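Engineer: Chains as they are written, first to last, in our numbering: chain A, 1 to 154; chain B, 1 to 363.
For the record, the hints were derived by calculation from the structure and aren't laboratory data. Predicted model, so just to flag it, every value in this text is computed and none were measured. Among the clues, some could well be false.
In silico lysine-lysine, BS3-like type, Cα no more than 27 Å apart, as pairs [claimed, not checked]:
hint : chain 1 : residue 1 : chain 2 : residue 2
1    : A       : 68        : B       : 295
2    : A       : 63        : A       : 144
3    : A       : 86        : A       : 142
4    : A       : 68        : A       : 142
5    : B       : 295       : A       : 124
6    : A       : 68        : B       : 270
7    : B       : 167       : B       : 27
8    : A       : 63        : A       : 11
9    : B       : 270       : A       : 124
10   : B       : 270       : B       : 295
11   : A       : 63        : A       : 86
12   : B       : 300       : A       : 124
13   : A       : 86        : A       : 11
14   : A       : 124       : A       : 86
15   : B       : 223       : B       : 27
To give a feel for the contact side, a few chain A residues facing chain B, derived at Cβ under 10 Å [stated by the list, open to error]:
hint : residue
16   : 18
17   : 30
18   : 45
19   : 71
20   : 97
21   : 112
22   : 114
23   : 116
24   : 120
25   : 131
So the derived label-pair ranges between C-beta atoms look like this [what the hints assert, rightly or not]:
hint : chain 1 : residue 1 : chain 2 : residue 2 : range
26   : A       : 132       : B       : 351       : 44 to 52 Å
27   : B       : 6         : A       : 21        : 54 to 62 Å
28   : A       : 21        : B       : 207       : 37 to 45 Å
29   : B       : 162       : A       : 31        : 23 to 31 Å
30   : A       : 55        : B       : 280       : 28 to 36 Å
31   : B       : 207       : A       : 23        : 51 to 59 Å
32   : B       : 4         : A       : 21        : 51 to 59 Å
33   : A       : 133       : B       : 193       : 37 to 45 Å
34   : B       : 106       : A       : 58        : 52 to 60 Å
A virtual CB, placed ideally from N, CA and C, is assigned to each residue, including glycine.
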Amino acid sequence: MATEAQGAANKAGRRHFLEAFLGAGIVASLVAFLYPVLRYVLPPAVVELLANTVVAAHVGDLKPNTGKIFAFDNRPALLILTDDGKLHAISAVCTHLGCTVQYRPDLRAVWCACHNGMYTVDGKNISGPPPRPLEEYEVMLKDKEIYVQREGNG
Amino acid sequence: MSGLVQARKWIDERFGWSEIVAFARHKVVPRHRFSYWYFLGGMTLFLFVIQLCTGILLLLYYRPTPNGAYESVQYIMTRVRFGWLVRSIHAWGANLMIGLALTHMFSVFFLRSYRKPRELTWLSGMLLLFLTLGFGFSGYLLPWNTLSLFATKVGTDIAGQTPVAGKWLLVFLRGGEDVTGATLTRFFGFHVAVLPGLATLLIGLHLLLVQRFGISVPPGIEKQWLAQPRERREIPFLPNFLLRELMAWYVALAILGALAALKPWELGVKADLFAPAPPGIRPEWYFLFMFQTLKYIPGKIGFLNGEFVGLTGFVVAFLVWTFLPFIDRQRPGRLQRLITGAGVFAVCYVVGMTVLGYLGGRP
Numbered sequence: 001m002a003t004e005a006q007g008a009a010n011k012a013g014r015r016h017f018l019e020a021f022l023g024a025g026i027v028a029s030l031v032a033f034l035y036p037v038l039r040y041v042l043p044p045a046v047v048e049l050l051a052n053t054v055v056a057a058h059v060g061d062l063k064p065n066t067g068k069i070f071a072f073d074n075r076p077a078l079l080i081l082t083d084d085g086k087l088h089a090i091s092a093v094c095t096h097l098g099c100t101v102q103y104r105p106d107l108r109a110v111w112c113a114c115h116n117g118m119y120t121v122d123g124k125n126i127s128g129p130p131p132r133p134l135e136e137y138e139v140m141l142k143d144k145e146i147y148v149q150r151e152g153n154g
Numbered sequence: 001m002s003g004l005v006q007a008r009k010w011i012d013e014r015f016g017w018s019e020i021v022a023f024a025r026h027k028v029v030p031r032h033r034f035s036y037w038y039f040l041g042g043m044t045l046f047l048f049v050i051q052l053c054t055g056i057l058l059l060l061y062y063r064p065t066p067n068g069a070y071e072s073v074q075y076i077m078t079r080v081r082f083g084w085l086v087r088s089i090h091a092w093g094a095n096l097m098i099g100l101a102l103t104h105m106f107s108v109f110f111l112r113s114y115r116k117p118r119e120l121t122w123l124s125g126m127l128l129l130f131l132t133l134g135f136g137f138s139g140y141l142l143p144w145n146t147l148s149l150f151a152t153k154v155g156t157d158i159a160g161q162t163p164v165a166g167k168w169l170l171v172f173l174r175g176g177e178d179v180t181g182a183t184l185t186r187f188f189g190f191h192v193a194v195l196p197g198l199a200t201l202l203i204g205l206h207l208l209l210v211q212r213f214g215i216s217v218p219p220g221i222e223k224q225w226l227a228q229p230r231e232r233r234e235i236p237f238l239p240n241f242l243l244r245e246l247m248a249w250y251v252a253l254a255i256l257g258a259l260a261a262l263k264p265w266e267l268g269v270k271a272d273l274f275a276p277a278p279p280g281i282r283p284e285w286y287f288l289f290m291f292q293t294l295k296y297i298p299g300k301i302g303f304l305n306g307e308f309v310g311l312t313g314f315v316v317a318f319l320v321w322t323f324l325p326f327i328d329r330q331r332p333g334r335l336q337r338l339i340t341g342a343g344v345f346a347v348c349y350v351v352g353m354t355v356l357g358y359l360g361g362r363p
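For reference, chain B alone in the conformation it holds in the complex:
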């Protein structure tokens, strides 16, 4: 015991540990009927850590070559002890993390937590969301199966439609004109080095900003609290909020464990560069609404390419969404109602198109 006390004293003398703890003890989290939404960011972070750990474990056996990738994942799934579990947790965790990140984003949107002074927190969060989708897209190809091959063909082809830099982007992403083994090497590099580095930096910034500005209170409740200050409720971050957050993490872990154990992730059929696209092909659910939209757009709209029109629409929508805090400038009234309406429409559109994507199979 005295050893522990000694060690703590040693650290305290050098780093001022008690000061940090005292500072953390002052941190409070507002408590109201929407407080539950505050857990989502932390849960996403927790899943990121799980992805990091399982990803490192997968790296011990995975081989990023067209002749070795599929076989190495097969080896992990069938021969390596608990390999099926590690890979299934990684695959399910990715889906859960993207779902949580999306829900987190929409909760921040509808609680209007992105307003001044938190514009940069929103911006860094949106960048993190795009990085998360990048993780999903690049990781999907790594097992080198038929579905992932065509998802990558379509996805990179769409990126290639970007005006001016499209061709450059396509060659950069694919490592050549076509999706080949060179693409696999690149996606592997993006997935295990570039994206984790960028994401770690951005998560650090995101957390720093959250810490700097504290937790946002929704405008309606803020108004209520200003009118009746006795209504204001807050709980200490340490330990009350943290313990609740840990409970949420446990729930996420339980769901993840159950999914991975009961429905191990499939490996599919090995990619063949000269096989036709299989019927019923579709991307992962988080890209499905865009995929489905592209199905409805005709080849030509006037003199423009249909897919170009669709892509431009999405890019504009994502840009507006990303820079939302600079559009919504606290003036209550019509603009605000318009933004909320647009948010509701976006949720309905994404959900509707995703469902249609699942229902729609062959012609």
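In isolation and in its complexed conformation, chain A is listed as follows:
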């Protein structure tokens, strides 16, 4: 009687072991299948050659009280010439939800059409939903070209 019970217990032990073995095997297979898939769906990071300085425009391209979009590291940026002849360069990617902003000569401000966000010409958020100011860049004049560079990068 005792041996029979022991045999049954042994059997149950063996069954548990086999079940755990099988379960672990299935889980390991799933992980082995899914891990490469998860890695695959996220694209490899692009090595961005961050140009610290780009030519945004030529002197004379811009009339006073207008703005121009230019590409800065594959992202849009905005160059503005104000009424008093001052140049400003800011990121054109709205800090709210990433739309591209534009200069509004009638408001003398930078405006995002998506959610009605408003910034000053130097990128400060003044109304609407944007939570942060737009990044401001340094503007330099050299040989009749307008260079724009990231602040703090000499």
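Using the hints, position chain B against chain A.
Structural biologist: For chain B alone, kept in the frame of chain A given last:
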């Protein structure tokens, strides 16, 4: 004639066709003053089939690359014979299908058909509704025009605000940090392979569950029928209900055909990754209420990001709505009135914000 009879006998011997027909003949549909709402699910299914057919036709000419997408849709619209019709039916059909799916969902909500034992039917239906919105969102980008580019920027940016997994989700959806040609490739894959596969599976499950539990009778009418069993009215599914449903499909087809022929879907201006967002930009009408809400939320609420607060609110509301059958547990009384009230509020909110979104243009 004898050939047909022979063929039928051949099938019958192998698959038991008459058994299936006999089974289907037992199926009944309740008939009462709200019966018309029962047509909506079938109509949505019909539009799904139309989308499948026209989508396959569009695939013959469409090219999913930033330099070819806009031009290929232009080619379909201007050169391919009846291309304008196929694309217009696909675009209008998408809008009609989303409208029908939403109406179907609200009718099930207000008739309280989601109660036990139909919780899973509701859940699969809600998942199908989200998939349908996913179809709309991913398909919108494919013509690669300015409006769709900014709609995708905003939409994926919102998805990127999700706590913890936001960044991951953003890169997964966009195929990189920004919306580029890589995004187009991905959205194309989602739109023509991933979503149709998932939707077909879920529709199968949804129909199986509807078949398993039969058609729900609204609680008020159920009570009335229990009190006076002679009042109970039912019609056979085959052929009575099916024929009526087919009529409804014809109506949907007529509306769709008229819209596609009289107001062909516009193509817009080709997307330019370095152009500012055009004034008056807004998403498709079914996302407009969320878009409009985000306009009203300030940048900062206390120490929290405004858009984060708005997004969290929507996610919580959608979750509660999805798991409604597990909240509304048949106990009549205050909870039920609260749920109906919440439903009425949701409809008013969505309709109101959508109208405001249409009226509100420039500052």
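Engineer: Would you mind marking each hint as holding or not holding in the structure?
Structural biologist: Hints and how they fare:
At most 27 Å may separate the alpha-carbon atoms for a hinted pair to count; residue 68(A) and residue 295(B) meet this at roughly 26 Å. Restraint check: the Cα-Cα separation between residue 63(A) and residue 144(A) comes to about 15 Å, which is no more than 27 Å; the hinted pair holds. Restraint check for residue 86(A) and residue 142(A): the C-alpha separation of about 15 Å stays at or below 27 Å, so the hint holds. This hinted pair checks out: residue 68(A) and residue 142(A) have alpha carbons roughly 18 Å apart, not beyond 27 Å.
Pair hint residue 295(B) plus residue 124(A) holds up; C-alpha atoms about 19 Å apart against a cutoff of 27 Å. Of the supplied pair hints, the one linking residue 68(A) and residue 270(B) holds, its CA atoms being roughly 19 Å apart against a limit of 27 Å. With a CA separation close to 50 Å, the supplied pair residue 167(B) and residue 27(B) exceeds the 27 Å bound. Of the pairs offered as hints, the one joining residue 63(A) and residue 11(A) is violated, with about 89 Å between alpha carbons and a cut-off of 27 Å exceeded.
Straight-line distance between C-alpha atoms of residue 270(B) and residue 124(A) comes to about 31 Å, which puts the hinted pair past the 27 Å bound. For the hint linking residue 270(B) to residue 295(B), the alpha-carbon distance of about 26 Å falls within 27 Å, and the restraint holds. For the hint pairing residue 63(A) with residue 86(A), the CA-to-CA distance comes to about 11 Å; that is within 27 Å, so the pair holds. A distance of roughly 15 Å separates the Cα atoms of residue 300(B) and residue 124(A); the hinted pair therefore holds under the 27 Å criterion.
Pair hint residue 86(A) plus residue 11(A) does not hold up; C-alpha atoms about 87 Å apart against a cutoff of 27 Å. Simply put, residue 124(A) and residue 86(A) have alpha-carbon atoms about 16 Å apart, close enough for the 27 Å limit, and the pair holds. Proposed proximity of residue 223(B) and residue 27(B) is supported: the alpha carbons are some 22 Å apart, at most 27 Å. The restraint placing residue 18(A) at the interface with chain B is violated, with a minimum CB-CB distance near 33 Å, outside the 10 Å limit.
Residue-level restraint check for residue 30(A) is violated (minimum Cβ-Cβ distance to chain B is 19 Å; threshold 10 Å). Taken as an interface hint, residue 45(A) checks out: its beta carbon lies about 9 Å from the nearest beta carbon of chain B, inside 10 Å. Checking residue 71(A) against chain B: minimum C-beta separation of about 6 Å stays under 10 Å; hint holds. The restraint placing residue 97(A) at the interface with chain B holds, with a minimum CB-CB distance near 4 Å, inside the 10 Å limit.
A cut of 10 Å between beta carbons decides the hint on residue 112(A): the least distance to chain B is about 6 Å, and the hint holds. Checking residue 114(A) against chain B: minimum C-beta separation of about 5 Å stays under 10 Å; hint holds. At a threshold of 10 Å, the smallest CB-CB gap from residue 116(A) to chain B is about 5 Å, leaving the interface hint in force. At a threshold of 10 Å, the smallest CB-CB gap from residue 120(A) to chain B is about 15 Å, leaving the interface hint violated.
Taking 10 Å as the C-beta contact cut-off toward chain B, the hint placing residue 131(A) at the interface holds, the least distance being around 4 Å. Checked against the given bound of 44 to 52 Å, the beta carbons of residue 132(A) and residue 351(B), roughly 33 Å apart, lie outside it. Distance hint for residue 6(B) and residue 21(A): a CB-CB separation of about 55 Å, consistent with the stated range 54 to 62 Å. Taking the beta carbon of each, residue 21(A) and residue 207(B) are about 40 Å apart, inside 37 to 45 Å as hinted.
Here the CB-CB span from residue 162(B) to residue 31(A) is close to 24 Å, well matched to the stated 23 to 31 Å. Look at residue 55(A) against residue 280(B): about 33 Å separates their beta carbons, and that is inside 28 to 36 Å. Taking the beta carbon of each, residue 207(B) and residue 23(A) are about 34 Å apart, not inside 51 to 59 Å as hinted. For residue 4(B) and residue 21(A), the Cβ-Cβ distance of about 57 Å falls inside the hinted range of 51 to 59 Å, so the restraint holds.
Take residue 133(A) and residue 193(B): their Cβ atoms lie about 42 Å apart, and the range 37 to 45 Å holds. Take residue 106(B) and residue 58(A): their Cβ atoms lie about 58 Å apart, and the range 52 to 60 Å holds.
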